[in-house]
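Protein chains in written order, with this note's numbering: chain L, 815 to 1288; chain B, 55 to 255.
Where hints are given, some of them may not hold.
With beta-carbon atoms standing in for the labels, derived distance ranges [said to hold, decoys possible]:
#1 L/S984 <-> B/R198: 47 to 55 Å
#2 B/H109 <-> L/A1098: 54 to 62 Å
#3 B/D75 <-> L/P1147: 37 to 45 Å
#4 L/S984 <-> B/R65: 22 to 30 Å
#5 B/D74 <-> L/G1250: 38 to 46 Å
Some residues of chain L that are not near chain B, with every Cβ distance over 12 Å (derived) [stated by the list, open to error]:
#6 G1007
#7 A1138
#8 E1284
Hint data in this document are derived by calculation from the structure and do not stem from the laboratory.
In this text, a Cβ means the ideal position worked out from N, Cα and C, and glycines have one as well.
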Amino acid sequence: MAGRALYEKIFDSRVVREVLPGRYQLFVDLHLVNEVSSPQAFEALQERGLDVRFPDRTIATADHAVATRGNPVLDGSPENIRQVLKLRDNARKHALPYLDPERGEHGILHVLAPERGMVMPGMTLACGDSHSSTHGAFGALAFGIGTSQVRDVLASQSLLMEKLRVRRISVEGRLGPGVYAKDLALHLIRLLGSKGGVGFAHEFAGPVVEAMDMEARMTLCNMAVEGGARCGYVEPDDVTFSYLKGREHAPSARAWNRCQAYWRTLRSDPDAEYDDILSLDADAVRPCVTWGTSPDQSVAVDQPIPHPRSLPPDQQAAAVEALAFMGLEPGRPIVGTPIDVAFIGSCTNGRISDLEVVARLLNRSGMKVAPAVKALIVPGSRAVRQELHRRQLDTVLENAGFEVRDAGCSLCCGMNVDQLVGREVCASSSNRNFKGRQGSPTGRTLLMSPVMVAAAAVSGAVADAREVFEEHGA
Amino acid sequence: MTGSPPIRVVRGTALFIAGDDVDTDQIMPSRFLRSTSFTGLEQHVFEDLRQAGPHPFDDPLHASASILIAERNFGCGSSREHAPQGLARWGIRAIIAESFGEIFAANCTAIGLVCVTLARADRQSLSKACVDVPDAPLCIDLRRQRVEAAGAGFACTLPEGRRQQFLDGSWDSLSLLMADPAAVEEVDARTRVFAPPPGVL
Ligand code: SF4
Chain L
815 MAGRALYEKI FDSRVVREVL PGRYQLFVDL HLVNEVSSPQ AFEALQERGL
865 DVRFPDRTIA TADHAVATRG NPVLDGSPEN IRQVLKLRDN ARKHALPYLD
915 PERGEHGILH VLAPERGMVM PGMTLACGDS HSSTHGAFGA LAFGIGTSQV
965 RDVLASQSLL MEKLRVRRIS VEGRLGPGVY AKDLALHLIR LLGSKGGVGF
1015 AHEFAGPVVE AMDMEARMTL CNMAVEGGAR CGYVEPDDVT FSYLKGREHA
1065 PSARAWNRCQ AYWRTLRSDP DAEYDDILSL DADAVRPCVT WGTSPDQSVA
1115 VDQPIPHPRS LPPDQQAAAV EALAFMGLEP GRPIVGTPID VAFIGSCTNG
1165 RISDLEVVAR LLNRSGMKVA PAVKALIVPG SRAVRQELHR RQLDTVLENA
1215 GFEVRDAGCS LCCGMNVDQL VGREVCASSS NRNFKGRQGS PTGRTLLMSP
1265 VMVAAAAVSG AVADAREVFE EHGA
Chain B
55 MTGSPPIRVV RGTALFIAGD DVDTDQIMPS RFLRSTSFTG LEQHVFEDLR
105 QAGPHPFDDP LHASASILIA ERNFGCGSSR EHAPQGLARW GIRAIIAESF
155 GEIFAANCTA IGLVCVTLAR ADRQSLSKAC VDVPDAPLCI DLRRQRVEAA
205 GAGFACTLPE GRRQQFLDGS WDSLSLLMAD PAAVEEVDAR TRVFAPPPGV
255 L
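Isolated chain L (complex conformation):
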């Protein structure tokens, strides 16, 4: 019998039963619950007279609808306030662990759960938010789910699922200076298309992934879903274990050795059979910027905006439409595209390492945000916010002209008071550039790495961060 990929090992270990041919009841170890996708799920429980099956396997907090200035709850819109308070009430009613924004315990669930050590190798995790794939960085299977599945997990701690196919993506070589996990993710999505991963779990492997720290791995797995994959993961290793060690909810010192010994077995077999294998040369990856309204519409920063006719025939019509919406001209360099707003944050790139490198480069260069640009740093969690403060990085960022906010999804999704206005162009470290995503129906989003956002902020226009910050490597 051929060996199994880690995906199958974890999946098999969590199968409750095969309910219908090819459809499995899959146990969910950890359920993250937010204020946007849960209210109707709680309502459905009530309609059926059901309770939450395992409250201790559930964590609730508000992230999409919180305000990042002033009081996280009360300074939201009336609708935001309703959503947050509804979640609080539902959590109380069902005795769920609730991280209360009014007590400063909040953060984006995909930032908060890992930093508290809640996500461990071999787990299954679900959350009513697409970017749940983030947690795959720990060698876990993590799924974004819809409202009726949130109901299912609340009531039964399980999901009805079919097995995915598995694609191993081996990243060889080395990422150049000034090139980050975000660039690799955007590069990969451009290669495979935004639907290229449909039906797949992506296993990220190879020397480049092994060399990444946990936060970079989270960025990579976070974006897997933008390439159409249902989830992405990395096999756990010493980097994973040392990240976890000592964190609040990680196994205690007494249980540590037992857990780590088990985690070490969570590897894909050398003779595992994959449905697809892809090998990628990291040396060819350059900083990426999107020019369209789908995350696969990107170019390397030193490239011109493509002519639709240079693209595959099935992408041309969408490209024409996207360019018209973006107001961008094919053939012109992407560098120099003026921006109005710079946003560094989100579950893709709102962690301490993302903000630290930005602070370091701004500090070293002494550069300031261009006068016409509104520049925001939104930490992924309150803990990240506090860490910025402890290391006095917030002062560095503020001195450079960034406004440093409190934790939340903020400008990533336009579901709270932080929104683009009119046709503003936003250089954004988030994950989606769909029309209207950042709150204004006509607002325009250019996705890139946090360092590239910082370069755009100081230049007033898209710029090659490697030149702006003289990051040419050792």
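Starting from the structure of chain L, add chain B with the ligand where the hints point.
Structure of chain B with the ligand alone, referenced to chain L:
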């Protein structure tokens, strides 16, 4: 609570929504997505179109209709679960169309709202009959895959897996997932050892 009720036959009167590509935004405008409840969504079904002029959903002759007839690609567009929820809460139990948006049809199935497709000519005579005689009874028989109306009968189709889910009462995922609690508890106990849940904070 071990299974959802099987759905073998849907009987009732029908109303007709004209036009191809009626998307989920028309069925349930996005401003109603932000509420924290599905309750009351029935009032907002097709709201923008209903405000623009006379609409079958406001016609007293169709007030008790439980079957919706549509043209091509009904329910295309965004995946919002609010669209089928609003229709179901209004009282719709089945939709007959020439084709459906993929995710919409899946979301309908999950709440026991039957979607069947009919050939164009058949759909045309059916919608004409329904406009001419609003109280004419209709019958969708999932066992025989037939739609019967006023003496006429048409072949209808739906994906076989979905048809089975309706017939054997397995369309409701939660009922399936609740059927074997002991098996869930076994996995819970087994997995606590190496992945301790966060527990009470
Ligand atoms: S930061 Fe953006 S993508 Fe991440 S959870 Fe919030 S809204 Fe979703």
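Check your understanding: Against which earlier hints does the structure fall short, listed by number upward?
Key -> 4 and 5
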